[in-house]
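Taking the hints into account, I'd like the entire structure generated from these sequences.
15 is the number that my numbering gives to position 15 of the sequence shown; each next residue is one higher, with no gaps.
Keep in mind the hints are simulated off the structure, nothing from the lab.
Among the hints, erroneous ones may be present.
As the list claims (entries may be wrong) - Computed cross-link-like contacts, BS3-like style, restricted to lysine-lysine with a CA-CA straight-line distance of at most 30 Å:
(1) K60 <-> K95
(2) K129 <-> K65
(3) K128 <-> K65
(4) K65 <-> K39
(5) K119 <-> K26
(6) K171 <-> K135
(7) K128 <-> K74
(8) K60 <-> K108
(9) K119 <-> K35
(10) K108 <-> K74
(11) K39 <-> K175
(12) K74 <-> K174
Said to hold, decoys possible - Here are the in silico distance ranges between beta carbons for each label pair:
(13) S133 <-> V23: 40 to 48 Å
(14) G33 <-> K60: 23 to 31 Å
(15) K135 <-> S94: 19 to 27 Å
(16) N66 <-> G159: 27 to 35 Å
(17) S61 <-> G33: 16 to 24 Å
(18) Y87 <-> P143: 15 to 23 Å
(19) S157 <-> K35: 38 to 46 Å
(20) E100 <-> L161: 49 to 57 Å
(21) R40 <-> S157: 16 to 24 Å
(22) K175 <-> S94: 53 to 61 Å
(23) G92 <-> S61: 25 to 33 Å
(24) E100 <-> K175: 37 to 45 Å
(25) N165 <-> S94: 53 to 61 Å
For glycine and all other residues, C-beta sits at the position ideal for the given N, C-alpha and C.
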Amino acid sequence: MKILISPEPIAKRTVEGDLGVYVNMKNIVEIIGEKNLAKRLSLDPEILSECLLNFPPIPKSEMEKNLVEILTEKAVIMSMHRHAGGYRHLFGESKKTLAEGKDLTGVKWIIGTGGALTKLPNRIEILKKVAASNKGDKLLPTPEVKILIDNDYIMASLGVLSRYNKESAIKLLKKSLKIEEVEAL
Numbered sequence: 001m002k003i004l005i006s007p008e009p010i011a012k013r014t015v016e017g018d019l020g021v022y023v024n025m026k027n028i029v030e031i032i033g034e035k036n037l038a039k040r041l042s043l044d045p046e047i048l049s050e051c052l053l054n055f056p057p058i059p060k061s062e063m064e065k066n067l068v069e070i071l072t073e074k075a076v077i078m079s080m081h082r083h084a085g086g087y088r089h090l091f092g093e094s095k096k097t098l099a100e101g102k103d104l105t106g107v108k109w110i111i112g113t114g115g116a117l118t119k120l121p122n123r124i125e126i127l128k129k130v131a132a133s134n135k136g137d138k139l140l141p142t143p144e145v146k147i148l149i150d151n152d153y154i155m156a157s158l159g160v161l162s163r164y165n166k167e168s169a170i171k172l173l174k175k176s177l178k179i180e181e182v183e184a185l
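Now the structure itself:
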């Protein structure tokens, strides 16, 4: 039964600029709440506040890495929830369910790119939490989705390179994603 109101293109790249883990850290911290974040990190809230004021672009300590993982997880899940459509229930003589927005349930791959998702040790686990975050009301990717990582953080450049040397761009893409074959998206 088809219930989708607004279909989505086959392939699409998105960027959530307000959810940047370093540049827009304050936005994500505000969404999570400093007290909740301090609790998750087992830190005194004052120590966390001081840490956030002097946070380095590249986390070095274990605490800094843990903080970035928590922020990255929140940013990833929020961005996917923003993009995914959902179900709307209409009540009348009978209950009808409509799907509105983008249906991401058929997504085959989630490709992680960007500073945090290319370097964090638990980046794959973070991306797997997208499907686990579904409470049944969103059209999110399913747990069967494959996770790929832009390990060399090169995808943005490959679009330009592909105009001049498609074969080299594909070779670099496969290397960065650590895959043998890239299926047509």
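Hints and how they fare:
Taking the CA atoms of K60 and K95, the gap is near 54 Å; set against the 30 Å cutoff, the hint is violated. This hinted pair checks out: K129 and K65 have alpha carbons roughly 18 Å apart, not beyond 30 Å. At most 30 Å may separate the alpha-carbon atoms for a hinted pair to count; K128 and K65 meet this at roughly 19 Å. Between the alpha carbons of K65 and K39 the distance comes to roughly 16 Å, so the proposed pair stays at or under 30 Å and holds.
Between K119 and K26, the direct Cα distance comes to roughly 21 Å. Compliance with the 30 Å bound is thereby established for this hinted pair. At roughly 39 Å between alpha-carbon atoms, K171 and K135 are farther apart than 30 Å, so this suggested pair is violated. For the suggested pair K128 and K74, the alpha carbons sit about 12 Å apart, so the restraint of at most 30 Å is met. Proposed proximity of K60 and K108 is contradicted: the alpha carbons are some 34 Å apart, above 30 Å.
Taking the CA atoms of K119 and K35, the gap is about 27 Å. The hint holds against a cut of 30 Å. Pair hint K108 plus K74 holds up; C-alpha atoms about 22 Å apart against a cutoff of 30 Å. For the hint linking K39 to K175, the alpha-carbon distance of about 39 Å lies beyond 30 Å, and the restraint is violated. Taking the CA atoms of K74 and K174, the gap is about 28 Å. The hint holds against a cut of 30 Å.
Judged by the Cβ atoms, the range 40 to 48 Å given for S133 and V23 is violated: they are separated by roughly 24 Å. A C-beta distance of roughly 25 Å is found between G33 and K60, which places it inside the suggested range of 23 to 31 Å. Taking the beta carbon of each, K135 and S94 are about 24 Å apart, inside 19 to 27 Å as hinted. Range check, N66 to G159: Cβ separation about 33 Å, and the 27 to 35 Å hint holds.
Look at S61 against G33: about 22 Å separates their beta carbons, and that is inside 16 to 24 Å. At about 18 Å, the CB distance of Y87 to P143 agrees with the hint of 15 to 23 Å. Against the hinted window of 38 to 46 Å, the Cβ-Cβ separation of S157 and K35 comes to about 40 Å, which satisfies the hint. For the pair E100 and L161, the supplied restraint of 49 to 57 Å is violated, since their beta-carbon distance comes to about 38 Å.
The hinted window of 16 to 24 Å between R40 and S157 is violated, with their beta carbons roughly 35 Å apart. One distance hint, 53 to 61 Å for the beta-carbon pair K175 and S94, holds here, with the actual separation near 54 Å. Take G92 and S61: their Cβ atoms lie about 58 Å apart, and the range 25 to 33 Å is violated. In this structure, E100 and K175 meet the distance hint of 37 to 45 Å, their C-beta atoms being roughly 39 Å apart.
For N165 paired with S94, a C-beta distance near 58 Å keeps the hint of 53 to 61 Å intact.
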